[in-house]
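S.K.: What follows is each chain in one-letter form.
There are 2 protein chains.
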Amino acid sequence: MFERVAIIGLGLIGGSLARALRAKHLVKEIVGCGRDVTNLERGMALGVIDRQTTNPAEAVQGADLVVLAMTLGATGEILRQIAPSLAPQALVTDVGSTKQSVVDAARATLGAAFPRFVPGHPIAGGEKSGVEASTATLFERHRVILTPVSETAPDAVEIVRRMWEATGAEVTLMEVGHHDEVLAATSHLPHLLAFALVDCLATGENGQQRGEIFDYAAGGFRDFTRIASSNPDMWRDIALANRTALTKMCTQFETTLAALKTAIAREDAATVHATFARAKKARDDYLARRGLT
Amino acid sequence: MFERVAIIGLGLIGGSLARALRAKHLVKEIVGCGRDVTNLERGMALGVIDRQTTNPAEAVQGADLVVLAMTLGATGEILRQIAPSLAPQALVTDVGSTKQSVVDAARATLGAAFPRFVPGHPIAGGEKSGVEASTATLFERHRVILTPVSETAPDAVEIVRRMWEATGAEVTLMEVGHHDEVLAATSHLPHLLAFALVDCLATGENGQQRGEIFDYAAGGFRDFTRIASSNPDMWRDIALANRTALTKMCTQFETTLAALKTAIAREDAATVHATFARAKKARDDYLARRGLT
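Each protein sequence line maps, in turn, to chains F and B. Here the working numbering is used: the first sequence runs in plain steps of one and ends on residue 293. Here the working numbering is used: the second sequence runs in plain steps of one and ends on residue 1293.
Note that these hints are calculated values from the structure, not bench results. The reader is advised that the hints may include incorrect statements.
What the hints assert, rightly or not - Quick list of the computed label-pair ranges, beta carbon to beta carbon:
1. F:266 x B:1262: 24 to 32 Å
2. B:1165 x F:285: 23 to 31 Å
3. B:1265 x F:28: 45 to 53 Å
4. B:1231 x F:36: 41 to 49 Å
5. F:51 x B:1137: 51 to 59 Å
6. F:128 x B:1213: 21 to 29 Å
7. F:215 x B:1213: 30 to 38 Å
8. F:285 x B:1137: 31 to 39 Å
9. B:1265 x F:55: 48 to 56 Å
10. B:1204 x F:292: 50 to 58 Å
11. B:1268 x F:292: 34 to 42 Å
12. B:1258 x F:271: 34 to 42 Å
The beta carbon of each residue, even a glycine, is placed where N, CA and C say it ideally should be.
Work the whole structure out from these sequences, hints included.
M.R.: In structure tokens:
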């Protein structure tokens, strides 16, 4: 499928895509690029990549596919660095968790090459990061959302779609703004709430840290706050890149929470019960639809 | 340790305590009481209880220990029903998730027997409920908090403490109000947030149900919302019983969230990162202290 794939950012996602492309015999040569030489060397030793470089412009030379898999906050800068070195027919795609910010950066930097940029987002990940945590099966039965815009070349979208499907993923096309709203709701806002809750509990009213409160936390708390152990750098970038959709969704949530708090304070048992029961049904229904429990 | 234990409410907690007392040979006879005859018969068939009745006053006759393990909202009514039938030296304890409301109800109903009431809360549970889900090992390495008040007889506290320790639990004594604040923070508020989030997402701005938004949810969302699949009846009772501490904690959380939202809207990257990093550290530290990851 590809002669040479350049992967910028050899973390969990970039490394897993490299492994999957290799496992499916979709690529002859994989060039890994990143700032952390030790990580690149590990990628070489693990056989995840064939060549390594810390220079993005060098990495993309002669590549027919370039995958941007580094931290979201570096998108504009990396695009500026690689734009002059892209091969004429090279496809570029990315794995960023927000899409409008990436589309804006690509439009501003890629010029005539912009139609061959396919914005993408594999909804996969995990608490562990880095190339050691990568696996060839990470994307199997996971969703990948592509958000082509009016300028995007249909054949470019088709190639990127087939690539992701080959890794076992289920590909969906979505409008950019809709993607950012859906992900604000199902991913970015939950992370915001988890970070805010743990910070609120750990920092008492007087501003003192009080870790001992967690000693009485049960299993439900551990699950609920799991995403608060996510990478703060990555999530700062996501929160800021998707700030419009995220703050809007946060305001909706604040309204729901305030209504629930008022119902509790007024001992309005019927409203409290109805809210809880509606939520339980919505969650149980979504799990049932996906065959989960 | 006990001749006859009466367990009012044969669910996951009541059933597990019955099994643990039996496994440790701490009781000669266990009387199970509940409204659901089918569940009681299942408890008989499983050997969890020796006798069954739907009449609480009958259940407690001749019992030297009475355990209130039914839904929190029934506490006052059950105490009224059993008070006249308690044996003179009977101990009474409970497993309710809030303690001030239970102490108030016990003080109002038990009269001269109130000093032999030991308010308790095993921090254990699970998504599954009912006597079939019960196990003799549910409390092993879990916390049980006892919240005796000034009137509570020290020897009664000591017996209840030893009973829980025999099940493998780690017993802590705590002041009633402090218990309710700690649990509001680590359990009741997280449930409120999970219920509110799922309800907010499932109910669009126009009030229409939109379950399809969950189709793009990843594993983190499933963990984050697990507690939104909890029993709405049980959680309505808890939220209302602990409304003072819960609404206070909710207000603290709203303040933290509002500050974070403002920082995101203003693109204040430093504040956003500091909040996320503080939360991650607090959570990682608490897991490390408990030997978890």
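S.K.: Each hint should be assessed against the structure and marked as holding or not.
M.R.: The hints, checked one at a time:
Between residue 266 (chain F) and residue 1262 (chain B) the beta carbon distance is about 28 Å. The supplied range of 24 to 32 Å therefore holds. The hinted range of 23 to 31 Å is not satisfied by residue 1165 (chain B) and residue 285 (chain F), whose Cβ atoms lie roughly 42 Å apart. Between residue 1265 (chain B) and residue 28 (chain F) the Cβ separation comes to about 47 Å, which falls inside the hinted range of 45 to 53 Å. Between residue 1231 (chain B) and residue 36 (chain F) the C-beta distance comes to about 47 Å, which sits within the given range of 41 to 49 Å.
In this structure, residue 51 (chain F) and residue 1137 (chain B) meet the distance hint of 51 to 59 Å, their C-beta atoms being roughly 54 Å apart. About 27 Å separates the C-beta atoms of residue 128 (chain F) and residue 1213 (chain B), a value consistent with the hinted range of 21 to 29 Å. In this structure the hint that residue 215 (chain F) and residue 1213 (chain B) lie 30 to 38 Å apart at CB holds, the actual value being about 36 Å. Between residue 285 (chain F) and residue 1137 (chain B) the beta carbon distance is about 32 Å. The supplied range of 31 to 39 Å therefore holds.
Between residue 1265 (chain B) and residue 55 (chain F) the beta carbon distance is about 36 Å. The supplied range of 48 to 56 Å is therefore violated. Between residue 1204 (chain B) and residue 292 (chain F) the beta carbons are some 23 Å apart, a value that contradicts the proposed interval 50 to 58 Å. Roughly 38 Å separates the CB atoms of residue 1268 (chain B) and residue 292 (chain F), a value that falls within the hinted 34 to 42 Å. Separation of residue 1258 (chain B) from residue 271 (chain F) is about 23 Å and departs from the stated range, judged on CB atoms against 34 to 42 Å.
Going down the numbered hints, you'll see the structure goes against 2, 9, 10, 12, while the others check out.
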